[in-house]
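Engineer: Residue strings, one per chain:
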Amino acid sequence: MHWGRSVATKMIQVSDTPGGADEFPPPVIHEFAPVARALLACDARCNFVNGDNRATIVKLVGEAIARVEPGMLSLDVFDTFLLRNDKSEARRFREIAQLARQRVSSAREQSAKSLPDELDFLIARTEATALCYRSRRPLEGCREGHIRDILQVAASSLNLFRGADAAMLEAELDYEASNLTLNLALADVVQEFRARGGRVILLSDMYLGKDEITAIVRRIDPASADAIDDVFSSADHILSKRSGRIFKLVEQKYQASPEEFFHIGDAFEGDVYQARKAGWGALHFPVSVSEAARRSLDLEHFFEQMKAVGLDVTPWAKV
Amino acid sequence: MQDLSPDSSQGRKFQFGRTELGPVVADYLARLHTHILAFEQEHGAKTLFVSRAGIRIRRALDIFLRASDLPPLVSGEFFWISRLMVAKGVWNRDRDGAIEILSKEFEHAPLFDFVLAMFRFSPRGAKLRPTDRELLATGQELRVFLESQNQFAQILRNFFEQQSKLFEAYVKNVMGDARCALMIDTGWQGRAQTLLTRAFPEIDWWGAYFGRTGSQSSDRTNWHKMIGIMFESDRYDPARPETCVVLNRHLIENLFEPAGRSIEWLAEPGPGIVVAPDADSVLADAPTKETDPIFAGVLSHLEVLQDGNKPSLLRRRAADAWARIARMTVHPAPADLALFADVERSADFGRDLKVPLLLPKDLRFEGDTPALRIRDALWPCGQVAVEYPGEIATPMQKKLAGASGSVLRKPPPIAVRSLRPRVAVITRTMDRPMFLKRALDSVSRQSFRDFIHVVVNDGGDNDTVKAAILGANTDHARIRLVDAVVNRGMEAASNLAIRNSESDYIVIHDDDDTWQPEFLEKTVAFLDGPRGAHYGGVITHSTYCSEEVTPEGVVVRTRTPYNDWIENIHLMEMAIENFFPPIAFLFRRELWERLDGFNEQYPVLGDWDFNLRFLVEADIAVINEPLANYHHRDRGDVTTFGNSVIAGRGKHLEYSAVVRNNFVRSMVKRGHAAAATLAGMGIYLADQRTTVRASNQRVAQIAQDTSEVAAQMRSLGPSRAWADTYWFALQAVLKALAENDTAKLEEIAALASGTAGSAAARVMSLVRPPRSIRARTPVLPANLERASARLLKEAVERQEGAMRDIPTPPDFDEAAYLRQNPDVDQRVKEGALSSGYEHYLRYGRSEGRHRPLR
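For the protein sequence lines, the chains are A and B, in the order given. According to this note's numbering, the first sequence is numbered sequentially starting from 1. According to this note's numbering, the second sequence is numbered sequentially starting from 320.
Excised from the complex, chain A in its bound form:
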């Protein structure tokens, strides 16, 4: 027998006398990241962190932060500091379009009949989003759109009156405020952190800019808005967490070193992996498996509803 390279076998360590299972002591199981595991397993984070488990979460998150002893606490906004419900992103866009149409109609006291319908608003917004993301000048390889540009283009393409985009923006902010829930556990963490002299910022990869995010937080909970020192959004800076480029920008703004920051967020890539890579402490605050499943189901229903009215939304509709 000849041994050639084509033989695919190797091992960790050759043991001379592998024995039977009965001779061995029982194995010991270790698990990690208790907060993230609990969140993944819960039914809905909104109930989980704002209900009976609030104090436990505050304690565990506090311990994770204390291990690093940072001077700055950074929080992702959507699905972290503000918790979303079970609607898919595509559904939210549809409902925002509906509300935007109502607001545009009220703003001019214009008969709703003469306005494009809500599907037109939806199409105009999604097309404007794609166009604005694509045409905005990239920065260090990052691309991002801004809601104000998006709504301006959408309003123009629908031939709406001057200022209609402002009414559409109000609809966007109101919708978000009424569909988001403050994460009470993290709000407690923020207050505790500030009480110890730390500063708190919000850091978001989103088409909403600092002004819009601040407005949404204020509409939901003015006290939390007051507790935030600053807001950074990829919509304003183009640089993003997902690319890992925005962390340096924040450090420069505060003239602080990476070790002074601790970030919490739901997206593993942008909020955890890239944050750690940048030298920040990080805690994963993931969406639960059940919530993600319900959003997926909602998106499936959305596809069916749109198909029924003859529209193919597969190129843009997401969970």
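In case anyone wonders, no lab produced these hints; they're calculated from the structure. Hints may be right or wrong, so weigh each one.
[Claimed, not checked] Within a straight-line C-alpha distance of at most 30 Å, the following computed DSSO-like cross-link-like pairs (lysine-lysine) qualify:
(1) A:LYS248 / B:LYS544
(2) A:LYS277 / B:LYS785
(3) B:LYS841 / A:LYS87
(4) A:LYS307 / B:LYS717
(5) B:LYS717 / B:LYS680
(6) A:LYS248 / B:LYS756
(7) A:LYS87 / B:LYS629
(8) B:LYS1054 / B:LYS1148
[Unchecked claim] Computed list of chain A residues with no C-beta within reach of chain B, every gap over 12 Å:
(9) ASN50
(10) LYS87
(11) ILE123
(12) LEU173
(13) GLY198
(14) ALA225
(15) ILE228
(16) GLU251
Owing to the predicted nature of the structure, the values given are computational and were not obtained by experimental measurement. We put the CB at the ideal spot given by N, CA and C, even for glycine.
Please arrange chain B on chain A, whose structure you already have, making use of the hints.
Structural biologist: For chain B alone, coordinates are given in the frame of chain A:
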């Protein structure tokens, strides 16, 4: 007087324009309008309707806006260019770019044609009488020609410089203060935009095209700034019917192409005033129901817009129309063909040539076939319908469209997640934290996220393993550490980890191996999909990573394909030896349960045993992509960190017999005599294979030794075309030397001038005639390229008999060439040609036939 009744040919075209293309164009114009507004509002862009298609697009847009009660477009200008005009226009700023595009367009045409084409509509062209023999070369030699002192080259250079100067002034006038341009045109690869981007970097050039589509050779550097409004795709996708335009771009190009000349030159009637003299001929375009019924039909649809202009309505109407247009593009009925029967497309780029969209069924040349006409047709699916009846045409059209076997796209797959992860990734480790960290990173970087990573510490220091996990930048919530407390052996460790997890699929990721980020995504998608339903597991191809442990860490020295011959998995093949690594193998948990897990009795080769037993129960599919990396420390100190293959050969030898014999016995016990025989025979097959491999290696070595000349030949020329030219020249020189034909050698030498160059020296080094002959050998051509080309050209022109004797170069695959060209094969068999290579030299090169390599 033309018959314009609905049943007449013109009437049907009008109707097609109104009911089919009309809704599509309306949707396109609505979207185009959004793009124009966005670029003007957000970027202060100048909108440029690019001649010639832009002229009709603008006309259609104006009608659409009027019918929609939208404000008219006050901005936007016509941009009087063509690709040829831009090539001339960028001459002073980007000469390489200009020559590149000109060479490509005239690659197979004589320079004679090129010179005339450059002056097609310019009054200066009428005075030119290019008869010089230098102009017999083809466009492949364009750069050399344009840099030469030839009188026509000098005239052209002066002309290009003058046109480029005017073009620069023209661009400046058109753009004014704007720094961003949005070019509106039909499509498809934005070549003019690419040239302009290179030559005028101070302007941010964007393109809004009807569609964007490219080929493998497309320059995609600025692709992101070329917006295909209706589609961006290189191929037809039945789920996106609008991509059918890829199969017949002329459907749209012809629609928007106005009458009038292509813009190929600029003039300066007064100081600072630059005009395109041929613009008036384009502006005079006045399509009517009689002259262009399809476009007239489209305009008729736009003028009324019966359903209104709401985006959702436009979108739905367009979707309905696209479905019908896609059907007729892929499977046209005779009535559909009739709509385009008289369409001719202009070759443009300075040439007057017109090419019909559909070729008549007549022979174009001796040996012409339907297959060749379909290959050459501008609308291949349409040509199939011309050539064949429906029952034969349909499958051919499907294949040409790339739609065979494809299914309508469903919405993106939605993973409805349960608490049970889809995949359990099992990593066995023991006291190797630096490898473990790499493995943790490999798993963590997977694009597929629904997994649990079970790390089993097989008797090593558990704190070390824990520290490695905690220190890794990974998704810790997905990691479970199983401390086996004592060393149980490799297979027992795997079983222990699997028992301590839940999942649908399992994969063993050894602590020293790695994956490409798409490994889980692609393997899980395969087993989840309809094809995967027939399989118990799937492997991907692997890359063998030869690495070394150094004080700086683990360093991968080389990466080579590992057993990349694997196309499918035969039980017979597995009976010979294990030939894929565990890192490449994702399998169903159900199989692991049915097989009672890995055999814990084996210290080595447990995976081979598992694979053998697995294949008795189920098949294993192969994904032909190297997504798994199989790492081996086969360099430096192999004792401490060596793989078992490297460091434990003795045990492998011992257990190869044990595993095989146990397998045979178990098969006999279960009454599987055939499987038992198969496995037993494997040892002999392995020996035979080794012997054959050794022989093959020796043969390969001989082939390598004898291919040196071919390799040197290849190194001579900058391209394959030059290699053939050199080959021909070399044969001529060799023949002359062998025959001591000094006259011929002198003739060759006379073809070139200047001093001896390195290329000539390389030919000399190949030839190396005896000293006695060499003393009388004239100086070899200094300008080797020119002399070689001339030799070949003249031989072709004179129909020289010498061409019959030309030997086939070592890298030319004669058999493949004859197989690919049945017409040539026939001529060779008839004796009209001595070989396929003779045909290739004489005709094949200029006809653009494929040159198969051996």
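Engineer: Look at each hint and say if it fits the structure.
Structural biologist: Hints, verified against the model:
Annotation: proposed proximity of LYS248 of chain A to LYS544 of chain B holds, straight-line Cα distance about 28 Å (limit 30 Å). Restraint check for LYS277 of chain A and LYS785 of chain B: the C-alpha separation of about 20 Å stays at or below 30 Å, so the hint holds. Taking the CA atoms of LYS841 of chain B and LYS87 of chain A, the gap is about 28 Å. The hint holds against a cut of 30 Å. At most 30 Å may separate the alpha-carbon atoms for a hinted pair to count; LYS307 of chain A and LYS717 of chain B meet this at roughly 26 Å.
Restraint check for LYS717 of chain B and LYS680 of chain B: the C-alpha separation of about 21 Å stays at or below 30 Å, so the hint holds. Distance hint between LYS248 of chain A and LYS756 of chain B is fulfilled; the C-alpha atoms sit about 26 Å from each other, no more than 30 Å. For the hint pairing LYS87 of chain A with LYS629 of chain B, the CA-to-CA distance comes to about 27 Å; that is within 30 Å, so the pair holds. The straight-line distance between the Cα atoms of LYS1054 of chain B and LYS1148 of chain B is roughly 26 Å, inside the 30 Å bound, and the hint therefore holds.
Listed as outside the interface, ASN50 of chain A is consistent with that label: its C-beta sits roughly 21 Å from the nearest C-beta of chain B, beyond the 12 Å cut-off. With 12 Å as the threshold on Cβ separation, the claim that LYS87 of chain A sits away from chain B holds: the shortest Cβ distance comes to roughly 14 Å. For ILE123 of chain A, the condition that its CB be more than 12 Å from all CB atoms of chain B is violated, with the nearest at approximately 4 Å. No beta-carbon of chain B is positioned within 12 Å of the beta-carbon of LEU173 of chain A; the least distance is around 21 Å.
Interface exclusion of GLY198 of chain A from chain B stands, the closest Cβ pair being 24 Å apart, more than 12 Å. Residue placement check: ALA225 of chain A keeps its beta carbon more than 12 Å from all beta carbons of chain B (closest about 30 Å). The Cβ of ILE228 of chain A lies farther than 12 Å from every Cβ of chain B, with a closest approach of about 27 Å, so its non-interface assignment holds. The beta carbon of GLU251 of chain A is kept farther than 12 Å from every beta carbon of chain B, the shortest such distance being approximately 18 Å.
This entry does not satisfy hint 11, going by the numbered hints stated previously; all others are met.
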